[in-house]
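Protein chains in written order, with full-length UniProt numbering: chain A, 1 to 103; chain B, 1 to 443.
FYI, nobody ran anything at the bench for these hints, they're computed from the structure. Please note that the accuracy of each hint is not assured.
As the list claims (entries may be wrong) - Simulated pairs of lysine-lysine, DSBU-like, Cα-Cα distance not exceeding 35 Å: (1) Lys88(A) x Lys35(A); (2) Lys88(A) x Lys419(B); (3) Lys14(A) x Lys141(B); (4) Lys310(B) x Lys51(A); (5) Lys391(B) x Lys88(A); (6) Lys14(A) x Lys54(B).
Said to hold, decoys possible - Ranges of calculated distance between the beta carbons of each label pair, as one might list FRET restraints: (7) Lys28(A) x Ala38(B): 36 to 44 Å; (8) Lys28(A) x Gly161(B): 51 to 59 Å; (9) Leu118(B) x Lys88(A): 28 to 36 Å; (10) Lys419(B) x Val49(A): 17 to 25 Å; (11) Lys35(A) x Pro430(B): 40 to 48 Å; (12) Asp5(A) x Ile362(B): 22 to 30 Å.
Glycine included, each C-beta is placed from N, C-alpha and C at the ideal position.
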Amino acid sequence: MKVRDIAHSRTGDKGNISNISIIAFDAKDYERLAKALTPEVVRRHFAWVVKGEVERYELPQLGALNFVMTQALGGGVTRSLALDPHGKCLSSYLLEYDLPDEQ
Amino acid sequence: MKTIRIGAGAGYSGDRIEPAVELAAKGGIDYLVYECLAERTIGLAQQAKMKDPKAGYDALLEARMRSVLPLCRANGIKLISNMGAANPVAAVEKVREIAAELGLTGLKIAAVTGDDVLEVVKTTDLPLMETGESIRTLDGKIVSANAYLGVEPLLEALRGGADVIISGRVADPALFMAPLIHEFGWKLDDWDKLGKGTLVGHLLECGGQVTGGYFADPGVKDVAGLARLGFPIAEVSEDGTAVITKVEGSGGQVRVATCKEQMLYEIHDPRTYFTPDVVADFSQVTMTQIGPDRVQVAGATGRERTPTLKVSVGYRDGYIGEGQMSYAGPGAQARGELALQIVEQRLSLTGVKFSEVRYDLIGVNSIHTRPNPAEPGEVRVRVAARTTTQKDAVAIGNEVETLYTNGPAGGGGATKSAKEVLAILSVLLPRASVKPAVTYVEV
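Extracted from the complex, chain A is given alone in its bound form (with noise of 0.2 Å):
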């Protein structure tokens, strides 16, 4: 199962920080997502983009949750050099993510 069957997001950008929020469809997702999507999880899965940290903010009660990625947009949207200098088509990388089966 990927991310996107359980839920949705939407990338902002601030200078060279990325920021992706995961919003689970059904609230009873959020634990699962909570569970499988670490810090570390998304920061090895954006290991090509991003060159910082990653930090993780969490909304139970929205059922979301916030990863703030640094360094991320290749100086930000003035000097990258990418095709999408937003970094606006990273939500979407992180809804491919396969989730690992339920125990």
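Chain B: place on chain A using the hints.
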């Protein structure tokens, strides 16, 4: 309990025109707020103003004003916008001209200035937030420095009876929060209320993003009517709770899910969202669907504001050269890869200097509509590099273009560009160094 209805007329500078007209005509709103300034827009506007002292404000200001000013007048709606960008005074003069031409007499238009702190910042050695290095390392390259102003000058203009307020750099949520403070008499140190007002502003500041724009994912998150997406309205009560909604019959949707995405958009720690007016805390926010296209939000709060204001510093930072070329049909990917190898070798052979480069293969179906599932039906080669000189930037695109007669078979549709980079870094400036001002013109 008293409520105020605020509409968001734009989520960015190039946004659609008609949704704001719909809001002004049928939204039953008290205030129409246009947020039109991205991080770098003001630096580009500053460059435009240097060339022409009457330029430097939003390119769509005239079209927007012509389309809504008569409706705002007819329906008693006050209009607030940061469309002044680098030149609010010239923008206000343009609004006056348009209002006069449309016969809208008795209109009071305010310009909010003072965000331009270029001269102040140049004399400091403040550390850059992103790198920790002194701002002096940018000496000779800085083109703009604009502080994020808070609600105070907007409140002054509202108290002064302005019908239209045009600012430069003002924190996005402040544009929406000023009317709430003005109407409800909230105190400027009522951090709890200011946190709530900031949440309203943050939910509205990207326009259609909270009404279903940038949300649709067919089969997973379906949204109807995106071609005539309605822009949002916040119905805010005196206690700071709010209902996010939109004009009845417009496209899009307001759902708990759209509101959650927007709340987390471009914020970091939800407990600590810095604005000039308050350090907002969204960590305990709750959202409830109370009707079709009606979501109630509550639970935001806040803490005391910081003693400094964030300043975006725009500076010249070299060039980016880019070139693209397409390959399609059998073996497209292999030919695209060969093209990239050729350009890489050519840049080395011809001694083009760059500090950073990327070689991309883009594409699936922009040329042939039925891609071969076994391999991409088409690829687009893209080379982009950061250079110090314009000459080297131009050379990047040229090396891609010469693939036409010197590269793999079947390449087509070359494009190239070389542009100067206007980069943005930030410093924190003590509030006392920033002096907002309000001036008026009347029609």
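Here is what the structure says about each hint:
In summary, the hint linking Lys88(A) to Lys35(A) is supported, as the alpha carbons are separated by about 25 Å, within the 35 Å threshold. Of the supplied pair hints, the one linking Lys88(A) and Lys419(B) holds, its CA atoms being roughly 22 Å apart against a limit of 35 Å. Between Lys14(A) and Lys141(B), the direct Cα distance comes to roughly 22 Å. Compliance with the 35 Å bound is thereby established for this hinted pair. Using a Cα cut-off of 35 Å, the hinted pair Lys310(B) and Lys51(A) holds, with the two alpha carbons roughly 25 Å apart.
Restraint check for Lys391(B) and Lys88(A): the C-alpha separation of about 31 Å stays at or below 35 Å, so the hint holds. Taking the CA atoms of Lys14(A) and Lys54(B), the gap is about 30 Å. The hint holds against a cut of 35 Å. Checked against the hint of 36 to 44 Å, the C-beta distance between Lys28(A) and Ala38(B) comes to roughly 38 Å, which is consistent with it. A beta carbon spacing of about 53 Å between Lys28(A) and Gly161(B) agrees with the range 51 to 59 Å that was offered as a hint.
The hinted window of 28 to 36 Å between Leu118(B) and Lys88(A) holds, with their beta carbons roughly 30 Å apart. As the Cβ distance of Lys419(B) to Val49(A) is approximately 23 Å, the hint placing it in 17 to 25 Å holds. Between Lys35(A) and Pro430(B) the C-beta distance comes to about 45 Å, which sits within the given range of 40 to 48 Å. Between Asp5(A) and Ile362(B) the beta carbons are some 27 Å apart, a value that agrees with the proposed interval 22 to 30 Å.
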